[in-house]
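Could you put together the complete structure from these sequences and hints?
Protein chains: 2
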Amino acid sequence: MDADTFRAHGHQLVEWIAKYLEHSSDYPVLPRVAPGDIAAALPAHAPEHGESVDEILADFERVLVPGLTHWNHPGFFAYFAISASGPGILGDFLSSALNQQAMLWRTSPSATELEAVTLGWLRDLMGLPSTFDGVIYDTASISTLHALAAAREMKVPNVRVKGLAGRADLPPMRIYCSEHAHSSVDKAVILLGLGQDAIGHVPADKNFSMRPDALRDAIARDTRDGVLPLAVIATVGTTSATSIDPVPAIADICEAHDLWLHVDAAYGGVAAILPERRAILDGAARAHSLVVNPHKWLFVPFDLSVLYCRRMDMLRAAFTLIAEYLKTPEQGVAQNLMDTGIQLGRRFRALKLWMVLRYFGAEGIRARLAEHMRLAQLFAQWVDADPHFERLAPVPFSVVCFRAKPSRADAQGADKQGADARDEASEASIDRFNEELLDRVNASGDVFLSHTKLNKQLVLRLAIGHLRTTEAHVARAWELLRAHAAALDARSA
Amino acid sequence: MDADTFRAHGHQLVEWIAKYLEHSSDYPVLPRVAPGDIAAALPAHAPEHGESVDEILADFERVLVPGLTHWNHPGFFAYFAISASGPGILGDFLSSALNQQAMLWRTSPSATELEAVTLGWLRDLMGLPSTFDGVIYDTASISTLHALAAAREMKVPNVRVKGLAGRADLPPMRIYCSEHAHSSVDKAVILLGLGQDAIGHVPADKNFSMRPDALRDAIARDTRDGVLPLAVIATVGTTSATSIDPVPAIADICEAHDLWLHVDAAYGGVAAILPERRAILDGAARAHSLVVNPHKWLFVPFDLSVLYCRRMDMLRAAFTLIAEYLKTPEQGVAQNLMDTGIQLGRRFRALKLWMVLRYFGAEGIRARLAEHMRLAQLFAQWVDADPHFERLAPVPFSVVCFRAKPSRADAQGADKQGADARDEASEASIDRFNEELLDRVNASGDVFLSHTKLNKQLVLRLAIGHLRTTEAHVARAWELLRAHAAALDARSA
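If you read the protein sequences in the order shown, they are chains S and U. Counting with this note's numbering, you get residues 60 to 552 for the letters of the first sequence. Counting with this note's numbering, you get residues 60 to 552 for the letters of the second sequence.
Just so you know, not all the hints are guaranteed correct.
Same chains, same names: a pair is fine if it fits in one copy or spans any two.
Straight-line C-alpha distance at most 20 Å; calculated DMTMM-like pairs for lysine to aspartate or glutamate [unchecked claim]:
| hint | residue 1 | residue 2 |
| --- | --- | --- |
| 1 | K221 | D281 |
| 2 | K386 | D490 |
| 3 | K214 | D256 |
| 4 | K515 | E483 |
| 5 | K386 | E494 |
No lab work stands behind these hints: they were computed from the structure. Here the structure is a predicted model, which means the values were calculated and not measured.
Here you go:
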């Protein structure tokens, strides 16, 4: 593509994106397409002859835009709301053009060193000590995978060379996490060859936080049974309830048993940038590793996950492997990012993080995080004050777990025998009510909320985290929830 | 960032990138910085107050640009040369702005379905049968990791749940690959808990292709010794010599022993888009999986790797794990990308591949690949015709392996005893000569070549793959090599 063609279409896209970001709320958050619609609208084969960018962008508008879920919509309240901020998009644009591949220091000194510098900035902002080194991966799944690989390296003699299979010297092993830990722990444990049976799900208390006494008991039981404890994952901001595991008490236990402690702060960790919320990372300095995702609640376009590690030597012991063609004079002098993990190639992800941190500044980031938490508290107050709704979990960050309380939820249970059956039928009925409420509210196109289960109950989640979300958007969600709940209630009455 | 600020700086970056791509050859390919220079020029802490994009971009120019390795320079001949093409950059720009996170069909129908469609296009272009489904990952390391995880799932009973450790029912296992296979195989085998001892490096023939007889012998020996063979990796375009393993013969062996066959065509696979080169993938239709990297030799900005798999059911059996909050009505109707691997979140990578395939068309891609191969043949002819150089491997794709032959290479060996010692000293002397030659040529700033070792000899590699590389750039590399070799030779004479 010649420079003028690139210029013309680059400018066209800048205009398109600027307008898109400004008017993202004009789109329905959830697209109105059915499975297969997009594929059916596209040709079955690549074109034989090249096409113009105009033709391609016309199809982008016609076919692909109607099938987008608008993560940049200020009414996106599902999962964890994220933002592609202006400086983040611009930084990523440069990364794509520069096409750095930072496997070695030599293949991109700037990508290699900017990664170390920006991760130092973020570490300091979060109040983590300089005993942590950082490395950027794509996703928290990959960060946690590497943390657990390092834990395995530390605890299992010679695992890099000898592996786990066919070894009479190795007992079964265990990795502990709360019953509310993220599924990426399961996937990592599967991949590492430990098997899902190696996961010890530790019960949580009524606030959905891991019970240290239960962890201690599980370790004692396993040790007695000849199972080798390897590591514990403590979560600061679980995916469902955004609950916080008691890291200091868990760190005590890990130190007593020489276990790797990994803190999953993928979502919640950035809240520690606020001095008044610093305490959420109490004890984290004693962890071996911690994951935090700037692509979640730090306005960086997807993907960019950070693993901080106090034992980077273990990660390197597990994965350093220098093929002949990758030997350079800088070896031993400069850090080569390929030594810190499974991926050889590394995109220049640090650039977008650097631009976001500089553009907003610490002050700007604190203000935005604080506002999101204020909005969550506000919504929680509305829920608490309304007899037709109830809140189902504390709100330590920017996510509210709640549900509607239909007035006749127990109707279907009335003809069943006994209180338990009636309760169960009633719960099932409340679940169905909330499921339908969620569908109706999401069908509005104005908002998108997601659900989860806590204590076997269907829970609606309102997750605030997008840069452009204001009180008006949260109020709109509340208005929709109340109106549809009332209508549903009236129908079943 | 308001829309006008985004517009202003977006347009500014479009101009910067257009100029950069047009004039990338004005930069030295390898930056002239020492380890630590970049970090030292950056502040130790994030700014407290937000800064303007002008300030940030000024530092980008001042500090970061001098530390870039210019992968987009037409004189980039190291490793595998890659390209951030115009349509690829524009597609990736949109991806960053749209911030799709395609874990579920629901979270981005367009990203989910465009991935399936474009991977169908590429599969057809490469002549692979529709028995292969595709999935996009970031890197070939991750693609190969997933292929081997699926192989483990297929061959090891109950490995997902029970793992590998502490199981008396499991023997040691083996995964076979050529001695020239990529280091990502080693890293995957380590991660999977099989241990490096589980890698069976099969000897290659004089053309650096795996010897099927040696593979057959290794499997027989292992089976006799109670070792369980799991999988074989055949490489089409090895990293050092770009050699091709005999896939049909290897497929015969895999079928006879019920082994998973993974074809690593990360670099070379795209050459099959040329009808006259279709034969490089002979036998690949019988493989269980195949990796090809559009971010290598298909003009797509880093990162985008494709895994084609004939047993996607095995991959899903290993990794499908649906947390409550990820349950959607589309489950079972639409494909959810999270089920096909370790990463939950997926960036909208298919968009840039779609734009590249449409912009160039099949015809345009064939023309560019053919031209790169023509240039490689031309360079190989120059080497072959020059008595001061020698070629060290066949040239099946776009990479030439060669070295200079200093006229007095045996001088240092002359006073040693015996022919072997003399040969060894002579080889060491030739290696040093070529090492110095490489350093001098790379110091020019006009080109960047890398090295490897074949038959214990230091080998220089000229890898052609950048879109803007022309015969003039290849001729410049040859001119530099000849001039510096002559100067070095004169010095030592």
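Hint by hint, which ones does the structure fall short of? Violated hints: none at all, because every hint is consistent with the structure.
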